[in-house]
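Asker: Below, each chain spelled out in residue letters.
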Amino acid sequence: MSGERPIIEVEALSKAYGLLPALRDVSFCVGRGECVRLLGANGSGKSTLLRALAGLSKPSSGRIRVGGWEMPKEAAQLRAQIGLVAHQPLLYENLSARENLHFFGVLYAINRAERERRSAELLRSVDLHKRAESLVRTFSRGMKQRLSLARAMLHQPDLLLLDEPYSGLDQKAGELLDELLLAARSQGQTIIMSTHQLERGAQFAERALILSRGRISFDGPGSASEISAAFRRAGDAPGL
Amino acid sequence: MKTSFAAAVLAIAGKDLRAELRSREVLMAMALFALLSVLVFSFALELDRAARGEAISGVLWVTLIFASILGFNRSMANEQDAGNFDALRLAPISRSAIFVGKLVGNCCFTLCVGLALLPLMTVLYGLNLLDGWVLLTTLLGVGGFSTIGTLLATMTAQTRAREALLPIALLPVALPFLLTAVRATKGVLGGEPQSEWQVWLQLLAGIGLIYFVLCMLLFEFVAEE
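Protein chains in written order, with this note's numbering: chain H, 1 to 240; chain Y, 1 to 225.
Hints are computed from structural coordinates only; laboratory data are not their basis. Fair warning: there could be bad hints in the mix.
What the hints assert, rightly or not - Using 27 Å as the maximum straight-line C-alpha spacing, the simulated DSSO-like pairs for lysine-lysine come out as follows: (1) Y:Lys-2 with H:Lys-73; (2) H:Lys-58 with Y:Lys-2; (3) H:Lys-73 with H:Lys-58; (4) H:Lys-172 with H:Lys-130.
Just chain Y, same shape as in the assembly (with noise of 0.2 Å):
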């Protein structure tokens, strides 16, 4: 008999949630970093509201994207540095499960911090954040780019600078997704026409389904030595 494919990603995702629940390490770290960056670009752009109302979207995706590498870092070196990426190789389960489930903890641990944010920022920066659409944006944009960061996570964490090759190696690959979802936030909070911002939207599903695919076919050459 052979464990299901939903079975192994349930486990392996909720094994990350419920270590996560007693360390706290990664959102934490997270939490801080996007608390932190928030607050200055806030006090940065505080006298200039026109300005503000520009810049928000590039601020939620700069600091989401920050907070999620130091995230992504974290919850692979979890599994490489007690090597219990090995006893997952080692489990009878395919290696798309292991990446799924990878994936699916990451995305929780960045939605979290992403929907802390929403409200804060509607507070900080005077514009309303709490839109069933920003939302909508924010599930899919978290979603793609946690896509490609725990694939590339998981090649960088076997490396000694993971730190920072992390990011090196994900931003030029995530940016066409990236500036798809600065894009398409803004043109939902500029108030621009629905049929102009929702091109973005579907463009940004589009290329988040495309990059699912990819990396889940990657991993499988990732995961071996």
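Isolated chain H, as found in the complex (with noise of 0.2 Å):
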């Protein structure tokens, strides 16, 4: 990490459902353009810390911030900057994907101009430009999957938030994810990916963090078999 102030800093961070703990003590940063992997088996907390990150979810004791904001108090400041990808696509079904694009586009002050520039563009490097005037709903779940990657884009966030964003895709459409992501991180977007699949983002994420029920069990960048031998670890983890 470079001397700058990191994009997120979280503190000591703990988010319980009622009585049930969905993430414990988890304390990390990131510094700005850095490309994080949060790895994790079903369950382990993955999504409640970026709904967390994205100011979604209130947590439970703990801080996080993010841009120097505290998040969700603050969190007003910085929405423009933040891009997620979420388990559900946020997707309007009875909109067509350009239309998806452009609703998103107005939210988000993008001029009709750079709005149109931009959905085409965008509908381009995830290969739905013939399919831009078709209604989501008509969709399968990997062209679902590909439009809110386009829809997180749109509006050129300085952090990308992706749970699970290659679930629902095929081998071509990973790969086109990966390209997407990779020219994301050359300028210079923080990225952090969630996944079970181990091997999924680890060309251009050399940092990996592993949730264990909750618990960072894993920090840091490392060769293949390290992550891959704490990955098993964690998943062999006691319940809690």
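Once you've looked at the hints, go ahead and assemble the two chains, each given alone in its own frame, into the complex.
Answerer: The following block contains the structure:
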């Protein structure tokens, strides 16, 4: 990490849903332009952590600062700088792909000409330009996922939060996503990407953060074999 | 640069209307319920012209209220089910703009049903409802009821029993407003002196305004997790 202030600072973050703890005493920092893989088995707390970072979920205790702003209290200051791909596609089924991007473009104050240009460019990048006028309800799971990624990148956010972005994607679409993320990284965007597939995103994210039942069990760069061993250990970790 | 309040409201309401024009799922459910309801009441009150005259304002509002509850539920479920409400919350726009945008959409759906009901009921009940004052009462009533409905539908849409919960939560809160709307409509249709029913109309506008301000403030909290 460089000397400048990290874009994400998480201190002793805990989150519980009723009596069920989802995150326990999680602390880490992410530098600007860094790309981090958030690894963990199903139910390890990856989505909860990403939602908290996006300001969509209030921590039970602890602190989150993104870009220097306290989340979720000061989330309004930096919403325009966050792009989120969540479990659900966050798209309107009865609007076309292009209409969805235009709608979100208006909400993110992108002017009409720029909206047109970026929508066309992104639809081409995610290989949906031929289906730009088709309603989203006619799309497959993978197509929705690709459009969801285009929606998250439309306003060129500084921070991209991706929750299982590879789910539902076939080999070709997975490669397209790799290219998009590599391009985003080269433009200096910070990326945090959750996945339960160890091999995904390894080529552009040298740092891995492994969550095991709500706790960080590994944080740092490492060889594939080190990360793999830590991931296996996390998967074998005893329950709470 | 930030999206203006008006642009965000127009975008959200426009998106709802455009999606509804394609699917017609909200309007069809509301219109079918309203049609069945006025037909049933029409048959029930057929033999008694006096009772029909007395009851028509009640029939109009009961029909509109339950039809609009169907609409509010569907409209907010469309946001919640695909996680789109999160996308709106993530956007750099004020929570009030989300509320007003959803409200405008809901108002349009309920008004469409209300405006279709007036000529239909004129024919079925033999009383002229196509009057400027009845139209104004309907506008004010629908606006106020949609305000409360939009707020409470946002709350109940996050629960599993939302279809059952919304009317239970909504009707007691909206009761003073509904009684005023029924009384104002009855006054207009019953041929009472204008000075008598105009008070109810002013009250309707006043309560509607209070509800609007309160709901807009409360939405900030409701929109949070």
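Asker: So, for every hint listed, does it hold in this structure?
Answerer: How the hints compare with the structure:
1. Y:Lys-2 with H:Lys-73: Holds, at about 19 Å.
2. H:Lys-58 with Y:Lys-2: Measuring from Cα to Cα gives roughly 24 Å; hence the hint holds.
3. H:Lys-73 with H:Lys-58: Holds - the C-alpha atoms of H:Lys-58 and H:Lys-73 are around 9 Å apart, at most 27 Å.
4. H:Lys-172 with H:Lys-130: Since the Cα atoms of H:Lys-172 and H:Lys-130 sit roughly 16 Å apart, the hinted pair holds (cutoff 27 Å).
Every hint, counting from the list given before, is met by this structure.
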